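This is what each chain is made of:
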Amino acid sequence: MTESAGNKKEDCHAANGVKPGRNGMVKNHHHHHQYQKQEKVYHAACNGELYSRPFIESFEETPMLVAVLTYMGYGILTIFGYLRDFMREWKIEKCHIAREREEQKDFVPLYQDFENFYTRNLYMRIRDSWNRPICGVPGAKFDLVERSSKDYNWTFEYTGRVVKNVINLGSYNYLGFAENTGSCATAAGDVTVKFGVGVASTRQEMGNLDRHEELEKLVASFLGVESAMAFAMGFATNSMNIPAIAGKGCLILSDELNHASLVLGARLSGSTIRVFKHNNMQSLEKLLRDAIVHGQPRTHRPWKKILILVEGIYSMEGSIIRLPEVIALKKKYKAYLYLDEAHSIGALGPSGRGVVEYFGLDPKDVDIMMGTFTKSFGASGGYIGGRKDLIDYLRTHSHSAIYATSMSPPVLEQIITSMKCIMGEDGMTIGRSRIQRLAENTVYFRRRLREMGFIIYGNNDSPVVPMMLYMPAKIGAFGREMLKRNIGVVVVGFPATPIIESRARFCISAAHSKEMLDRALDVISEVGDLLQLKYSRHKALPSLDRPFDETTYEENEE
Amino acid sequence: MGWLYYQYLLITGIYVLEPWEQSVFNTLLFTAVAMVIYTSYVFVPVHVHLALDFFSELVRGQPESTVALIN
Numbered sequence: 001m002t003e004s005a006g007n008k009k010e011d012c013h014a015a016n017g018v019k020p021g022r023n024g025m026v027k028n029h030h031h032h033h034q035y036q037k038q039e040k041v042y043h044a045a046c047n048g049e050l051y052s053r054p055f056i057e058s059f060e061e062t063p064m065l066v067a068v069l070t071y072m073g074y075g076i077l078t079i080f081g082y083l084r085d086f087m088r089e090w091k092i093e094k095c096h097i098a099r100e101r102e103e104q105k106d107f108v109p110l111y112q113d114f115e116n117f118y119t120r121n122l123y124m125r126i127r128d129s130w131n132r133p134i135c136g137v138p139g140a141k142f143d144l145v146e147r148s149s150k151d152y153n154w155t156f157e158y159t160g161r162v163v164k165n166v167i168n169l170g171s172y173n174y175l176g177f178a179e180n181t182g183s184c185a186t187a188a189g190d191v192t193v194k195f196g197v198g199v200a201s202t203r204q205e206m207g208n209l210d211r212h213e214e215l216e217k218l219v220a221s222f223l224g225v226e227s228a229m230a231f232a233m234g235f236a237t238n239s240m241n242i243p244a245i246a247g248k249g250c251l252i253l254s255d256e257l258n259h260a261s262l263v264l265g266a267r268l269s270g271s272t273i274r275v276f277k278h279n280n281m282q283s284l285e286k287l288l289r290d291a292i293v294h295g296q297p298r299t300h301r302p303w304k305k306i307l308i309l310v311e312g313i314y315s316m317e318g319s320i321i322r323l324p325e326v327i328a329l330k331k332k333y334k335a336y337l338y339l340d341e342a343h344s345i346g347a348l349g350p351s352g353r354g355v356v357e358y359f360g361l362d363p364k365d366v367d368i369m370m371g372t373f374t375k376s377f378g379a380s381g382g383y384i385g386g387r388k389d390l391i392d393y394l395r396t397h398s399h400s401a402i403y404a405t406s407m408s409p410p411v412l413e414q415i416i417t418s419m420k421c422i423m424g425e426d427g428m429t430i431g432r433s434r435i436q437r438l439a440e441n442t443v444y445f446r447r448r449l450r451e452m453g454f455i456i457y458g459n460n461d462s463p464v465v466p467m468m469l470y471m472p473a474k475i476g477a478f479g480r481e482m483l484k485r486n487i488g489v490v491v492v493g494f495p496a497t498p499i500i501e502s503r504a505r506f507c508i509s510a511a512h513s514k515e516m517l518d519r520a521l522d523v524i525s526e527v528g529d530l531l532q533l534k535y536s537r538h539k540a541l542p543s544l545d546r547p548f549d550e551t552t553y554e555e556n557e558e
Numbered sequence: 001m002g003w004l005y006y007q008y009l010l011i012t013g014i015y016v017l018e019p020w021e022q023s024v025f026n027t028l029l030f031t032a033v034a035m036v037i038y039t040s041y042v043f044v045p046v047h048v049h050l051a052l053d054f055f056s057e058l059v060r061g062q063p064e065s066t067v068a069l070i071n
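As given, the protein sequences belong to chains L and H, one line each in that order.
The first sequence: position 70 = 70 (UniProt numbering), numbered continuously.
The second sequence: position 29 = 29 (UniProt numbering), numbered continuously.
Rather than coming from a laboratory, the hints here were simulated on the basis of the structure.
Computed from a predicted structure; not experimentally measured.
Honestly, I wouldn't trust all of these hints.
[Unchecked claim] Below are the EDC-like pairs computed for lysine to aspartate or glutamate, each with C-alpha atoms no more than 16 Å apart in a straight line: (1) K364(L) x E226(L); (2) K94(L) x E18(H); (3) K331(L) x D365(L); (4) K150(L) x E18(H); (5) K420(L) x E216(L); (6) K534(L) x E451(L).
[Unchecked claim] Derived list of chain L stretches under chain H, where covered just means 3 residues or more per stretch with a C-beta under 8 Å from a C-beta of chain H: (7) 59-73; (8) 469-478.
Glycine included, each C-beta is placed from N, C-alpha and C at the ideal position.
Work out the full structure: start from the sequences and follow the hints.
Here is the structure:
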């Protein structure tokens, strides 16, 4: 539930300003009771007038017994970690990991020994569930290279066999455009023959192809903004453009669960960063109000600008940003809004235009629309869309515009073709039907999992489905048991999630057929019984857990 | 039985450990449990007996010896 988000501080997060106080939590509790009655109304009809559709998000709290057992498991593993470290120190066993050279032992350590304690002693033991090499297209099904380890995952050897037809529940292939046949692949192949693969220069020098210009026009019209710009790398789009927009004397308000690229960008910009609780509008409003009342620390000058950083779909929680409320707050307090649609573009909204369309809002209300081509479009890279003067400014000031090699032509072509397909410009309804298929698959998959009794996080419409595993041993066991039954899943543990909330993350795709999902669900249920993962104690559909806040959205409140 | 042991492996987290570490853990746990059982076998009856004596005397009221002392 909301309250558990309080201790869900992401490991690698910037907070050089004042952190949101805990006062908000008490307030929340209070309002929770007050609004309990209204919950059902919202649930049935609509979440207040700001939302055009029901906004159902649930974060079932961790059962106490499970939490205790999880901590106990980590405790036992930590003790054995110390034991193994002791043995390595005394040369009883061979140390496989990088360590200081004998002749440099008095230097400042190069490989911090304690910091990778977790990697060395916990991650290494279940490493076989990650970084599995695949051979072939990561579509709805893929082939895995079989590998085995004789020294408990310190090294792997390839057996030379291939695990065929594994159902893929891990790729961000929301619309199923990661494919090697079809119009996109053909178009990309044709373009490769004409343009080659590499461009070997940056956009500002000799690397600006006519296709780049076309792509940017297309992206702008897809998003409904004045202008857009494409970059060759999604991560760099965030981390290199935020420093161009914000700087010293600016304030960045960042969601606590923002992706590392946003965090890095915010830190590089040199602005003051304050973190609000995940998707918690009271917390955001409090920060905004404090920022305007108090101004900059010590000097009390007003902030040059206030930038709110949020994501459309949070990839670890499966939650959708409360965009109508964020936009209302942003208008009320005259801040700027930077929306990262990495996961939501293509995957949400009736025509795949992301979270803005999902809520039926105006794209012009979002100042900076960022997104990636890596997920729904099955390509690579990212974009920024917004007003024309903003994009022109970024073209001359952003590092990833100046220094990055421009996008490769086949990648461009993949994006253009898939985007046209989504928009229906190719004269077919494939795109539209895929978006619908994804929405159906998502709702079906989430409903079935919930009925089976698993704890599922996030919004009902989010194609990212995190399923809680909690105990450290179950992370490894779940990955292995699923692969044994020919299903590939992504399991996520500590640095990416809070320590006790380990989870498996399924990404639903439009490429999954009903039979595949049913097969996957049967297997998940079977493994869930084997590993005792059906923790949920809610029998019915969990009601809206979050309190509806008392924030007012009138602009002239005073 | 196999299922139960599997659950034990998962919950304690020793599922991910190497076999020799598992046996170290099992040995330690087994020893600890055995000692707990042994000590309870040896000492609990004595304590229960003492406690029973104590409470039964409370119920029975003042022993005669204290009366004799006051006199």
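Each hint tested on the structure:
| no. | hint | verdict |
| --- | --- | --- |
| 1 | K364(L) x E226(L) | 9 Å, holds |
| 2 | K94(L) x E18(H) | 15 Å, holds |
| 3 | K331(L) x D365(L) | 9 Å, holds |
| 4 | K150(L) x E18(H) | 11 Å, holds |
| 5 | K420(L) x E216(L) | 13 Å, holds |
| 6 | K534(L) x E451(L) | 10 Å, holds |
| 7 | 59-73 | holds (count 3) |
| 8 | 469-478 | holds (count 6) |
This entry satisfies every hint, going by the numbered hints stated previously.
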